[in-house]
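Number of protein chains: 2
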Amino acid sequence: MLNAQRIARAQERMREKGVDAYLVLTHDDYVWFFGEDRYQPRAIIPKMGPPIIVAFRGEESEIRESLGASEVRVFATVGQQIKDVVDVMHGIIGGHVSVTVGVQMGFGTPAFLLNLFQKANPKVKVVDIAPVMDELRAIKEASEVALVRRAGEIAAVGMAAAARALRPGVVENDVAAEAEYAMRKAGGHGTATPVFVNSGSRSCWLHGTATDKRIDAGDFVVIDLVPRHLGYCANLCRTFVAGEPTSSQRELQDVYRRAQAAAIEAMRPGARVRDVDAAAKAVFDGAGHGDRFVAGISHGIGLAFEEMPAPTIHPLDSGVEIREGMTMTAGHSVLAVPGFGGVRIEDTFHVTASKIVPLTNFPITLETASWQA
Amino acid sequence: MLNAQRIARAQERMREKGVDAYLVLTHDDYVWFFGEDRYQPRAIIPKMGPPIIVAFRGEESEIRESLGASEVRVFATVGQQIKDVVDVMHGIIGGHVSVTVGVQMGFGTPAFLLNLFQKANPKVKVVDIAPVMDELRAIKEASEVALVRRAGEIAAVGMAAAARALRPGVVENDVAAEAEYAMRKAGGHGTATPVFVNSGSRSCWLHGTATDKRIDAGDFVVIDLVPRHLGYCANLCRTFVAGEPTSSQRELQDVYRRAQAAAIEAMRPGARVRDVDAAAKAVFDGAGHGDRFVAGISHGIGLAFEEMPAPTIHPLDSGVEIREGMTMTAGHSVLAVPGFGGVRIEDTFHVTASKIVPLTNFPITLETASWQA
Numbered sequence: 001m002l003n004a005q006r007i008a009r010a011q012e013r014m015r016e017k018g019v020d021a022y023l024v025l026t027h028d029d030y031v032w033f034f035g036e037d038r039y040q041p042r043a044i045i046p047k048m049g050p051p052i053i054v055a056f057r058g059e060e061s062e063i064r065e066s067l068g069a070s071e072v073r074v075f076a077t078v079g080q081q082i083k084d085v086v087d088v089m090h091g092i093i094g095g096h097v098s099v100t101v102g103v104q105m106g107f108g109t110p111a112f113l114l115n116l117f118q119k120a121n122p123k124v125k126v127v128d129i130a131p132v133m134d135e136l137r138a139i140k141e142a143s144e145v146a147l148v149r150r151a152g153e154i155a156a157v158g159m160a161a162a163a164r165a166l167r168p169g170v171v172e173n174d175v176a177a178e179a180e181y182a183m184r185k186a187g188g189h190g191t192a193t194p195v196f197v198n199s200g201s202r203s204c205w206l207h208g209t210a211t212d213k214r215i216d217a218g219d220f221v222v223i224d225l226v227p228r229h230l231g232y233c234a235n236l237c238r239t240f241v242a243g244e245p246t247s248s249q250r251e252l253q254d255v256y257r258r259a260q261a262a263a264i265e266a267m268r269p270g271a272r273v274r275d276v277d278a279a280a281k282a283v284f285d286g287a288g289h290g291d292r293f294v295a296g297i298s299h300g301i302g303l304a305f306e307e308m309p310a311p312t313i314h315p316l317d318s319g320v321e322i323r324e325g326m327t328m329t330a331g332h333s334v335l336a337v338p339g340f341g342g343v344r345i346e347d348t349f350h351v352t353a354s355k356i357v358p359l360t361n362f363p364i365t366l367e368t369a370s371w372q373a
Numbered sequence: 001m002l003n004a005q006r007i008a009r010a011q012e013r014m015r016e017k018g019v020d021a022y023l024v025l026t027h028d029d030y031v032w033f034f035g036e037d038r039y040q041p042r043a044i045i046p047k048m049g050p051p052i053i054v055a056f057r058g059e060e061s062e063i064r065e066s067l068g069a070s071e072v073r074v075f076a077t078v079g080q081q082i083k084d085v086v087d088v089m090h091g092i093i094g095g096h097v098s099v100t101v102g103v104q105m106g107f108g109t110p111a112f113l114l115n116l117f118q119k120a121n122p123k124v125k126v127v128d129i130a131p132v133m134d135e136l137r138a139i140k141e142a143s144e145v146a147l148v149r150r151a152g153e154i155a156a157v158g159m160a161a162a163a164r165a166l167r168p169g170v171v172e173n174d175v176a177a178e179a180e181y182a183m184r185k186a187g188g189h190g191t192a193t194p195v196f197v198n199s200g201s202r203s204c205w206l207h208g209t210a211t212d213k214r215i216d217a218g219d220f221v222v223i224d225l226v227p228r229h230l231g232y233c234a235n236l237c238r239t240f241v242a243g244e245p246t247s248s249q250r251e252l253q254d255v256y257r258r259a260q261a262a263a264i265e266a267m268r269p270g271a272r273v274r275d276v277d278a279a280a281k282a283v284f285d286g287a288g289h290g291d292r293f294v295a296g297i298s299h300g301i302g303l304a305f306e307e308m309p310a311p312t313i314h315p316l317d318s319g320v321e322i323r324e325g326m327t328m329t330a331g332h333s334v335l336a337v338p339g340f341g342g343v344r345i346e347d348t349f350h351v352t353a354s355k356i357v358p359l360t361n362f363p364i365t366l367e368t369a370s371w372q373a
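Taken in sequence, the protein lines are chains A and B.
When we follow our numbering, the leftmost residue of the first sequence carries the number 1, and every step to the right adds one.
When we follow our numbering, the leftmost residue of the second sequence carries the number 1, and every step to the right adds one.
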C-alpha cells in the first residue's frame, strides 16, 4: 500500500518550497512512497491530491490492488510514458502558464529523460527536489532502520563467503560469485553497486569491480559489498591479504582501522559531517598519510547507496549536521599507496541520541584463515 | 591499450558533425575506446589530439601503463572530477568563446552530472553525441561479435540453472540466485539488468525483478537474463510454467514463438526495424492479440543492453535500416494477458549478408522437466 503519511509530509514541504508537482523517476523515492518497486518507476505527486502512477497496462490491475485503487490513476501506453507524464502534468497545470516540477537530480535520473521532459514541457520550470525529499529521507523510521540492519546481516554473510573463497591463485570474479550467491540466498535482492573484489594494484582503485585477474600471494584484496533488502542498502567493506600479511601491510591496515574508529567516535548528533572527516584525517596525518586522505569518509545510506549527506557527490554536504535517526557509513574512502596497495574498511551505523549503533558486524582482520578452517 | 583506430574514426566524425570534444561519462563508450572499464569512467576526446582521462591518483600508474603513457594525461583530485573536466575543457577551448561538447544522452548519463557541467561551463553548447557514436558502435567488429556470443553462452548456462531450480514452491529470488551464480562461474561479469524472475501475475510486467514471491503451480515464469562478458551483453529470455502447462498456456506461448520466428525472418539487411515489428504484430493480430502488441520487439545490443536501434527508448529508431554487422535481439516485448499471464521469448542475433546467426541458443519450451531429470 502507498504510504499516505509520507505523501502528505512531502506535499506539505512541496507547498512550502513552491513545488507544484514531484515527478518521481527513481527507485528510492518510489519505494519510499509506494512500498514496492517497479523496474522503471514513474509517478507524479501533485502538491495536493492523490498521486498518479504511470505504468504499463499489463501491470495495471496489480498496481491498483497493491496500492489502493481509489488513490491511484493508471496510464496505459508503453514507450509513450513521457507523453503520459506530460499529459498528466498539463492536467495538473490546467490554465496556469508556468508550473514548477521537482525531479531528483541524483545518479538515478537519466539525463535524456529529463531532456525529453523539458523539451515536451518548455513552460515547466524543473527544479531539484532535494530540498523537499532529503530532509524526509534522512531521518529513518524504526522500520527503515530494521531493513538496513537486515541488509547489514546479509552483507556479513556475503563477506564470510568471500573470505572463505579468497586465497592465492583464485580469480577475483570467482570470489565475487561466492559473495553474490551467499547474499541472494540470505535474502538479498541484488546489490546497489557491483560486487568489488579489488586485488593487487587494483586495491588502490577509488571504486572497483571484479575482473578475471588472478589473486596473487601477498595481494591486498578489498571486498566491498552493498546488498539490498526490500530496497534498503547496507555497506560493508573489508580488506584482506591473500596468504600471509607482511608487517607493513599490517601497519597500513592498522592506520585505516584507527581512522575508522576515530570517525565513528566523531559521528555524534550535533557534529558536522566534516568533523568526521577531520577525525579520520588526523589519524592519516599522524601516520604520514595525510596527503593520501580522500575527503568524504562517511555518507548517508538507506534506499540509496549514497544519500544525503553524501559529501563525495555534493561537497556542500560536509557542512550537514549529523542528527539522531540518520543511518550512515564510516570508512568510505580508500587509503591508496600506489605501488604498495590500498586499504578500505567500511561499516554502516544508526545514529541514536546516546550511541552509534553498528548495523554491520564483521571482524576486522587481514587474515582469512578462520573462515577457511 | 586504447584503441587508436576507433579514436581516430570518432574524431573524424566529430569534425564532420562540428563537435569540438566528446565528454565520455558512460561505461560503454569508455570500454569501446579504452578496452577496459572504470567504475566511474571519465574521459575527454578532443576532435584532434590525444584523449584525456580524468582519474583517481591511486589509479594513475595503472592507467598510464595499461593505456600507453604518451597518449594520456591523468588528473588527480577526487570528488573534484567535474572541476578537472572543466579545467581540461578550458584548456581545449583556449581563447574560443564557444565550444560544442558532445555527451551521451542515454540511461547511463546522470542528469545531475550534466547539470553540474553546464553550470560550470555556461558558454559550452552541450549536444547529443549519438550522431557521432551510434554509427560507429552499431556495426560490430568480429572481435565484438565474439564477445556477444560468449555472453550468449553464459546466458544459456544461467538459463539452464534457472530451469533446474524452478518448480512450484520455490521463491523467485532463489531461482535468481542460481542463474546469477551459474553465469558468474561461467565467466560473466555481472548483468546489465537485474535478473528477472517474474512469476504469476508478475509475468505480465513490462520489465521485472526477482522478489520473495513463492512460485505457485501453474504460474508462468518469465526468466530474462542479460549477462556481461568484458562489457558486452547478450539477452536471452524464456518463459516456463511451474509444473504442468495447460493447453491455453501452450497456445499463448506458441503465439509468441511464432511471432519471434516471424521477427527473425524479417530481420534482414535492408529491412527497417519497423518491418520486424510488423512481422511480429501480424502473428499477434492473427491470434487475436493485436491490441496487446507492444511496439519495439527488436533492439540493438552490444556494450549497452539496448543500443541503437532501440525503438522502445527512441521511437524514431523504428525507421533505422538493418545492416550487415549489427547485433540485435528479437523478442523484446511481453505478450501480457492480464488475469491470465504473460509470455516473452528473446534471443540475440548477428546480422550477416547471407543469414541471421543466433548468438544465444536455448530450447524454447514451457517445461523444465528435462533440466531436472
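Hint data in this document are derived by calculation from the structure and do not stem from the laboratory.
All values derive from a computational prediction rather than experimental measurement.
Just so you know, even glycine gets a beta-carbon here, dropped at the ideal spot from N, CA and C.
Worth double-checking, as some hints may not be accurate.
Going by beta-carbon spacing under 10 Å, a handful of chain A positions derived as facing chain B [said to hold, decoys possible]: (1) D285; (2) H289; (3) G290; (4) I313; (5) H314.
Going down the list of hints, with the structure as the test:
1. This hint is violated: A/D285 has a C-beta 18 Å from the nearest C-beta of chain B, more than the 10 Å allowed.
2. Annotation: interface hint on A/H289 violated; nearest CB of chain B at approximately 12 Å, more than 10 Å.
3. A distance limit of 10 Å between C-beta atoms decides the matter here; for A/G290 the minimum to chain B is near 14 Å, and the interface restraint is violated.
4. A least Cβ separation of about 8 Å between A/I313 and chain B falls short of the 10 Å threshold, and the interface hint therefore holds.
5. A cut of 10 Å between beta carbons decides the hint on A/H314: the least distance to chain B is about 9 Å, and the hint holds.
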